[in-house]
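K.L.:
Generate the whole structure from the sequences, applying the supplied hints.
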Amino acid sequence: SVSHYASKSEDRNAATPASPFYVNQGSRTVSRTALSNSAYNNSRLGFRGTEDLGGGLAAGFWLESPITNDDGATGLANFGRRSTVSLMGGFGEIRLGRDFAPTFWNDTVYDPFGAVGVGANLISSASLFNPTGGAGTFGGNANYLRVSNSIGYFLPAGLSGFYGQFMYALHENDSYDPGTATPPGVNPLTGQLNSGAVARTRAGRYVGGRLGYASGPLDIALAYGSSTAADDYFAGTTDDVRTANLGASYDFGFVKLFGELSRVSRTRDYAVSPLIALPDTDLKGYLIGATVPVGPGLIRAAYSRVKYDLNAATLAAVPDPTASKVSLGYVHNLSKRTALYATVARVSNRNGAALTVGGPAFISTSVFAPRTSSGYDFGIRHAF
Amino acid sequence: SVSHYASKSEDRNAATPASPFYVNQGSRTVSRTALSNSAYNNSRLGFRGTEDLGGGLAAGFWLESPITNDDGATGLANFGRRSTVSLMGGFGEIRLGRDFAPTFWNDTVYDPFGAVGVGANLISSASLFNPTGGAGTFGGNANYLRVSNSIGYFLPAGLSGFYGQFMYALHENDSYDPGTATPPGVNPLTGQLNSGAVARTRAGRYVGGRLGYASGPLDIALAYGSSTAADDYFAGTTDDVRTANLGASYDFGFVKLFGELSRVSRTRDYAVSPLIALPDTDLKGYLIGATVPVGPGLIRAAYSRVKYDLNAATLAAVPDPTASKVSLGYVHNLSKRTALYATVARVSNRNGAALTVGGPAFISTSVFAPRTSSGYDFGIRHAF
Amino acid sequence: SVSHYASKSEDRNAATPASPFYVNQGSRTVSRTALSNSAYNNSRLGFRGTEDLGGGLAAGFWLESPITNDDGATGLANFGRRSTVSLMGGFGEIRLGRDFAPTFWNDTVYDPFGAVGVGANLISSASLFNPTGGAGTFGGNANYLRVSNSIGYFLPAGLSGFYGQFMYALHENDSYDPGTATPPGVNPLTGQLNSGAVARTRAGRYVGGRLGYASGPLDIALAYGSSTAADDYFAGTTDDVRTANLGASYDFGFVKLFGELSRVSRTRDYAVSPLIALPDTDLKGYLIGATVPVGPGLIRAAYSRVKYDLNAATLAAVPDPTASKVSLGYVHNLSKRTALYATVARVSNRNGAALTVGGPAFISTSVFAPRTSSGYDFGIRHAF
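Chains as they are written, first to last, in our numbering: chain P, 1 to 384; chain W, 1 to 384; chain Z, 1 to 384.
Hints are supplied without guarantee of correctness; some may be wrong.
Any copy, or any two copies together, can satisfy a pair, since identical chains are not distinguished.
Unchecked claim - Here are the simulated SDA-like cross-link-like pairs (lysine to any residue), alpha carbons at most 20 Å apart as the crow flies: (1) K8 / P131; (2) K307 / D280; (3) K8 / T201; (4) K284 / L246.
For the record, the hints were derived by calculation from the structure and aren't laboratory data.
P.N.:
This is the structure we're talking about:
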């Protein structure tokens, strides 16, 4: 698709001039127009299959690559979207490998835009954005979207509308006996240096699940997960990102309504409590949305809002950063596989939040603060 | 295929000894024998398909990877050869993604060797070679062969033999408001440093087209394109590589003749004209060739020649570097899909040109200057 | 599969305390549990096909990628497992590209565990392990498993049970005329610097073959190969890794027996003999094993042992490092394509050998020496 993004920063002090001589420097905008991909569905290509083993048992595999069809730069270099082997039967499904985190499903299933493109759920955008600057995700959680080395279990169908899944992912780090058998790095207790790359010993683990109920027009699901984002063997700290969310949709026929509530917390556990512990950082958000079928087309609309709680231990009251987003789009289906679509969206930031609809980052200096980001997508979706 | 390359450098002063005591140091050769791939057709693997949307409309996709089947090192890591989605109808075809540049087609279609292997069109070799040393292409043009983020339009069939295409490719760089909203780097006017990786603001854009006529034994086409190879926001300069070429072939049955004329210019545009502007560099070339069918086989022959015009502002006359190439080959078809082939070729360089048939670079020191490069390919082509 | 590895190091001096005050520091273990792949068969995905050319001739291709289905990190980025084009006929098969080294076949065919997973043949593990520490393989041999740029010939079927193959692989390095046309680097004779990356001129070459006889329950094969692992143009040295092995299996029906003998030597050839030449390093090993079919399952067992001969020129006798391995496993076939399996294995090291069953390396300090490594795999194999 062709996408346009504009990130507008405004004068930090414009609203409250510091002196009568204050000159409002107005706003600065960085914009970009791109032939992008994945604005309606994520571009993907893969292989999958199932084998009937008899006796109600079946085995299956699913390998799926993300691809960038605008420039061809990413082919089938990895199966990062999904890479699983399954054993299925009356007991449900055991699934091994790399798969979506259970906690991600509510962010995409109950978003009219499926957490994709300029219109995507702001809860999802904030989870993928590092609020303290730099690269990375909220809390450094590498398992927000998908989890590697996971063992998953899915409830079987036919439970009167109830469905559910549970996932445990191995961190695959080395374990050490006490004593000198410590990870690489300098052991502060003994001063002894163990050579080698400094290793993680707990980070990477994920445990979570999702339970839902779908019957007739109603679909509702609750999910919880905890992901170990980082750890320090010698300091005895472990950083977890804990996610809880609840989503629901109800299809009235002429309109389908969507809603989601989400809370994500980054917490640091200490083996030995310090005088001043790192405060938790919270990210709370909600989304309301609707889709309206119009002949072969579909109107999509959503409003989503997030609020950071930094829990900073300062004397002065620091207002919490917040951001909200309005998204509106239309999809025109030419066939089951091919569709034309267009989306417009706008994010408003306050108190230091710096979320965008995609595209270039804000100009964020002592003079200018992030304010609004707007953009549009239009393009063709072709599934094969 | 098995390929052998030899690059021979000769004594710079051999022809005009500087003194009676001059000792001709003769020549030095660097050679290499390799199990190579892509000496007859480029090795490739991909996925493609078309969907009939009814009403004369169709949608399609084409994903094609370059692969190196001699060592398996390159699999489907990227779809760099072609990665497009199309919408087709009576109006022609709209094609989005990564595709061949219109200006490349004449270099390959009117070359009996298809711009591949040791026999490839010297115009194509020179466009892919940096004449000032180092890596890269002529003028630093990254869009010589293929162009990413492009929007293409193709004329429909059935225009009495006329065919044509037009392509526009987005540079996808950030745009900036005036004032402090400048790209990363030091703004020389304000002395202000904007942090971040120094960004391009125009480089990457391509606009071009090709118009042709094919009827009976005749096929003739004209192409023109302009590619923005580099830019500097603060200096206000933009480097474009402009290509114009004309090719034709005529099939007499017992022999098919080929010809091409090409002119490529690297030019620098200045927002503010400097006292001494960087002169343009030109690359002019032509090719004449022929193929002769012999039973299930095909004899292929070509002569191609290029001349650089450096437009250097020196008092002394500097002769223009030139190079010429003779290529001869034979293809023996075992079936539609499988063929044995052999090619020999030789490039002669004068006045500092350093083009090869492939393989190792010349030894180019104060003593030795590049002179001739020769090589052969023989192998099997198997399409699947 | 889920795999667990534990590498245990013991007190170096525990057996011979240096003084009455000696305190035995016991042992230290590093362990890891992982959702792994490729513990029964290597995970792979690829493309292959054959074309009948008539007259008994056929052409074929085979492109096969290693994939990591536990984390999806490796997709079809390369066809490193196999990437070949073949021409087949009554004369046998000519195969070009990247393929298994003939000398590797005996290490895998006559191992009940197929040189895969925690139970793999210790001869194979030792060939893939650098005994002098650091990364790399025994003797730096990059061609132990597979060889790029190879030209292979296979005997045709129907030779009364005899089968065989021969392989030659081109090193693809540049060749140089004498004189100043030397590779990049400083020529010690002239002091002249040739710019560019320091090049290899011989390393990468492989020549080898395998001849066998299979009839009824008996299968026996002999292989020999020489791989050029490294070279230094100016010093005039060439390092070769020479492998000779003999394997056999005999199927009694209720039990199938396996055996292998192997000798690998790293030797350095000098253009000019030095006063003190680098001594050869040898690796000798053997394996005995058995498989017992039990209904739809198969019990697998093997004992393998390797011994290094460092040929060190020291006055004191240095005992040769040795290691031995016991492997036991069971495979339960759910269908032709799907199987459950479990394997346990244990490696014992003596005199400085540091081989593992996989997983983390030993803690190897002045206090602790590598001793035993143990592990297990259990999982599901699904072929598609």
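K.L.:
Next step is simple, just say for each hint if it's right about the structure.
P.N.:
Results for each hint:
no.	hint	in the structure
1	K8 / P131	within (18 Å within a copy, 43 Å between copies)
2	K307 / D280	within (14 Å within a copy, 56 Å between copies)
3	K8 / T201	between (42 Å within a copy, 18 Å between copies)
4	K284 / L246	within (12 Å within a copy, 62 Å between copies)
In this structure, none of the earlier numbered hints is contradicted; all agree with it.
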